[in-house]
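Sequences listed follow chains A, B and C, in order.
Residues in the first sequence are numbered consecutively from 1, following our numbering.
Residues in the second sequence are numbered consecutively from 1, following our numbering.
Residues in the third sequence are numbered consecutively from 1, following our numbering.
Keep in mind that the hints were calculated from the coordinates and are not lab data.
Values in this document were obtained by computation on a predicted structure and should not be read as measured data.
Any given hint could turn out to be false.
[What the hints assert, rightly or not] Calculated cross-link-like contacts (lysine to aspartate or glutamate; reagent style EDC-like; alpha-carbon spacing at most 16 Å):
(1) B:K131 to B:E147
(2) A:K357 to C:E277
(3) C:K243 to A:D315
(4) C:K271 to A:D315
(5) C:K243 to A:D330
(6) C:K243 to A:E312
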Amino acid sequence: MTATPPAKPIKKRKIKLDEHLLAYRGVWVFIENERGHVHPVSWELMGQGRQLAEQLQVELCAVVMGAPGAELDALCESAFHYGADRCYRVASPVLRLYRNEPFTQALTGLVNAHKPEILLLGATALGRDLAGSVATTLKTGLTADCTELAIDPEDRCLLSTRPTFGGSLLCTIVTLNYRPQMATVRHRVMPMPEPQPERRGLIVDFDPGLVEDNVVTRLLEFLPDSQDNTPHLPYAEIVVSGGKGLGKAENFRLVWALADVLGAEVGATRAAIHAGWISADRQVGQTGKTVRPALYIAAGISGAIQHRVGMEASDCIIAINSDPNAPIFDFAHYGIVGDCVQVLPALTRAFARHLGKPVKEIA
Amino acid sequence: MSEKFDVIVVGAGPAGNAAAYTLARAGLSVLQIERGEYPGSKNVQGAILYADALERLIPDFRESAPLERHIVEQRMWVLDEESYIGGHYRSAEFARPPHNRYTIVRARFDKWFSDQVQKAGALLLCETTVKALLRDAQGKVIGVEVERDEGRIYADAVVLADGANSLVATRAGLREDIRAEHAALAVKEVIFLPREAIDARFNLTGQEGAVIEMVGGITHRMLGTGFLYTNKDSISIGIGCMLSDLKRQRLSPVELLEGMKAHPAIAPLIAGGEPREYAAHLIPEGGYDALPQLYGDGWMLVGDSAGFVNAMHREGSNLAMTTGQLAAETLIELFRDKQPATAANLARYRSRLDASFVMKDLKKYRRLPGTLERHRQFLADYPALLNQAAHTMIRVDGVDKRRKEKEILDAFRERRSLLGLLGDAFRLWRATR
Amino acid sequence: MHIVVCIKQVPDSAHIRVHPVTNTIMRQGVPAIINPYDLFAIEAALRLKDRLGGHVTVMSMGPTQAEPALRKAISLGCDDAILVTDRVFAGADTLATSYVLASAIRTLGQERPVDLVFTGKQTIDGDTAQVGPGIARRLDMQLLTYVSRIVEVDPAKRSIVVERRAEGGVQVLQTALPALVTMLEGSNEVRFASTPDMFRAVRATVRHWDRNDAGIEDIKQVGLKGSPTIVSRVFGPTPRAEKARQVPFDPADPDSTAASLLEQLLADVPKVRKELEQRRSPS
Ligand SMILES: Cc1cc2nc3c(=O)[nH]c(=O)nc-3n(C[C@H](O)[C@H](O)[C@H](O)COP(=O)(O)OP(=O)(O)OC[C@H]3O[C@@H](n4cnc5c(N)ncnc54)[C@H](O)[C@@H]3O)c2cc1C
Ligand SMILES: Cc1cc2nc3c(=O)[nH]c(=O)nc-3n(C[C@H](O)[C@H](O)[C@H](O)COP(=O)(O)OP(=O)(O)OC[C@H]3O[C@@H](n4cnc5c(N)ncnc54)[C@H](O)[C@@H]3O)c2cc1C
Ligand SMILES: Nc1ncnc2c1ncn2[C@@H]1O[C@H](COP(=O)(O)O)[C@@H](O)[C@H]1O
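The shape of chain A in the complex, shown without the other chains:
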């Protein structure tokens, strides 16, 4: 979401860093990896981190934590490809799988040893769990779930912007006289940078001094989500979403039918989910998933701000709503004022014909 310039700043802040905090330099990004899979938000953050680092004229550093081995080393390589100048490698068998306690200890130790001025993590379950613990241990400020980051050229402060009050407002938050400045950032709000395979950098090892026997929490089991059922909403290039305006559960099949023809993912508003028409993992919005497809079709959706923040980065939004004053028409690109029960099947027919697919009759 882009931002209008402020009417006036609430108050001019005075930065007076303690002597020992002046040494804090560099932009760090925590690379979140679980079971050999890097969360894409980490690479998105590298892209953003690069810009911040350049503005501050400091290094961009990646933090890679895990069990020692080739996998971890490969991760460091990838971090360089995505823009890191330096990579802190924190290897320990205790860090093989994520647990709050050892990760908090390791990251806190690393920060105290190498003193970054900015530390960024993805606003994921892992990132928010870890960031909250680390910030409290370091007694520094942490801004959650940001959608925009910038540097104040005057005082090198990180300006973290995030939705607040259910998305009705945005606010910009700064961390005054503490370092590092920490933020977690939402998935899919920043563009994914192109990797540069030829890029190299410096690996710095850090020994967290962890002993498994001292860790209280055990991971008994990991129950993976079944792959085929989970929607891949965040990455879908076409999303068809339905809202309360569909009227009843059965009408949701009109959404499925259009999605089927388009090879699209199906999304929904919270209202539709509360009505029990569709499962909760398809919720798009502030408390659901953020999507940024090429095409987003919204059927019977009012366009409440909480929904909007999750989909307005879409390249093209088509809204179908029977109310010409529905707020969704304020930010959609194409609007059809009409009953979605009539419009959806017509769209399905039109797209099917265009794509050379069989037109199934959906009454």
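Mind docking chains B and C with the ligands on chain A? Use the hints.
For chains B and C with the ligands alone, kept in the frame of chain A given last:
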């Protein structure tokens, strides 16, 4: 082990709060039951508060009540399709304290009022709906049952202040369902506007507020009125028509409200505002002749649940408070004299009512709804004629004034014969006496 | 078992309005509710109490107006309520909030040792999900966030097993008490109070604790002073410059609307044209 109280009051609107407040102040054990999440939670809209009735209960209410603006200007508009004619009354006296009437936001006002009730010692259960009355073998009401587990609660008397629909009373057979020709359906919207805009558009400063009452074309020949009030940083706008008329004409109140908001005289007043709260509510407007039995063995009706509304003057909350207070005073007297709340003893409630402005005003207008109902010319023809007359007189177009006068009179005569005009004047006079 | 549940009273964001000029939240008349996620925390604690017995204390840091939220928690079955309230707490960010709540929980532990602390996943106003982890850190408790199910608590062995929502699956974690659990939404259905419970709640005493009662040691760590982050500006989302381009719709002929929309998409939006191109059936 069930609970027992001196009195249970059902509902925490103005009527229930007035009753519970008075009872608790007199030292009786009072339980108040409200179905909303908190008092006022179902009443999101703004409204007019008449100071007098509240002052009798809480003389210094102005010091703590959440009041929006005090009214300094009252406008009365008779609207046609594109125009209105009307009068504005504004007086410096209205601007001097103590103020006579205020705009309030019910959600906040009801909550404040309820806080006073609880400070006075009444116990309040919210998010709890009364579903039935409990009776003993003789049929005397001895308590209520609420929609929760173990929901029976007992009392020597039950005051029903549960609003226009009073499902509790109807289900218990204490009164009939409200009839469509005795109820207006009002819809109301709160539109947010910066207070500076409101001040400028209505020529107000400080805490001053204005009210516009409207009749005429906006109701499409149905019996009803429209209104607009200024709150601090919002405007309450609404329109109500008799339910029977709405049914007959198959018009939805929403359409009426949208039409009204688009009227060229009204649209600029609300332009740029953000509509937020929307609510529809019944108003019992049957008046004196539609009043049900008001009390019986162990029970009393107060406020809207009894139909205490003066539709002509758009007074409801003050009648609600006053009747709640009178019911409470009746009970206090009975408890003091250690007499049971039998129908015979509760007849004193009726005498108190008869002696008050409530019954006197309702009697004065008892014929009005019927008159307007039977003579639709008051609802559409006169507004149109008046507007046309004003238009004719004010427009400067080379036509001499005498001819204009004649044109106007002809127009009146054409639509209503001379006899009809005289008859109308008489009817209106009789209906409001 | 002594379980503490931290709850916050928040403005119902469905009713929130923003002043169009000053961009400030207009709180007037906005109803206050218990943070919806915290209801799941309350329910989880009460289920444990149903199973294992014990005592549930609800705690909130906030102004005195927050008392109804605590009373409601009592009506659901909590035994005891503490409102941690003091002028100096105003303006707290998550770091300062967790300091106050942690101090109060530690003090409460002297009355009756605390085995478990529950919080909601996050609040709907602050929306940070940081206060829970903060409290855990400060009390040196084991932290279990985004918990969807409490599998087992064994008071004798002082252990707890939970299911935790993680990326791509669910972790089954076992740890030692005392622990802090943040509960995920929808993880359980919230109960409905009985009439006697409602009476108990309206008659209960909600304890008010100021900074001394809460055992605050370092006054510099509370309120605005103890908050490293500050809000430097607040603003509304930018409206898009132009409204949606309307494609006329005739109910009698929806297909021509669809055709005209498709035509415009293909002509005007290259990215969509490319996506559709890739999806064409090879025929
Ligand atoms: C803390 C919080 C977090 C939230 N998070 C989210 C979130 O992540 N995602 C989310 O989606 N919501 C979220 N919400 C809810 C959000 O505020 C809205 O309530 C929700 O998005 C509304 O969904 P809707 O548009 O389907 O329903 P409604 O607002 O009821 O809108 C239905 C629309 O359909 C139109 N319509 C009706 N009939 C027809 C018809 N026949 N044909 C075409 N159109 C029709 C209507 O004109 C209306 O505009 C959150 C709310 C809160 C308080
Ligand atoms: C649009 C509109 C505008 C109005 N404008 C004005 C005005 O400007 N000035 C004015 O004086 N009057 C006005 N009135 C009339 C006024 O609102 C009513 O006369 C007044 O509110 C009546 O008070 P009451 O306490 O009898 O009922 P209510 O205010 O309706 O209160 C009844 C309460 O009982 C509760 N309740 C209902 N059933 C149950 C149950 N079974 N169990 C538990 N609780 C229950 C309800 O939740 C409610 O809180 C207006 C009315 C409307 C609809
Ligand atoms: N002022 C407060 N008082 C009590 N509990 C709180 C308070 N603020 C936050 N919490 C708890 O911490 C959780 C996370 O809050 P937040 O970090 O603000 O998203 C909430 O769900 C509450 O359980």
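Status of the hints after comparison with the structure:
| no. | hint | in the structure |
| --- | --- | --- |
| 1 | B:K131 to B:E147 | holds (6 Å) |
| 2 | A:K357 to C:E277 | holds (13 Å) |
| 3 | C:K243 to A:D315 | holds (15 Å) |
| 4 | C:K271 to A:D315 | holds (8 Å) |
| 5 | C:K243 to A:D330 | holds (5 Å) |
| 6 | C:K243 to A:E312 | holds (13 Å) |
Going down the numbered hints, you'll see the structure goes against none, and every one checks out.
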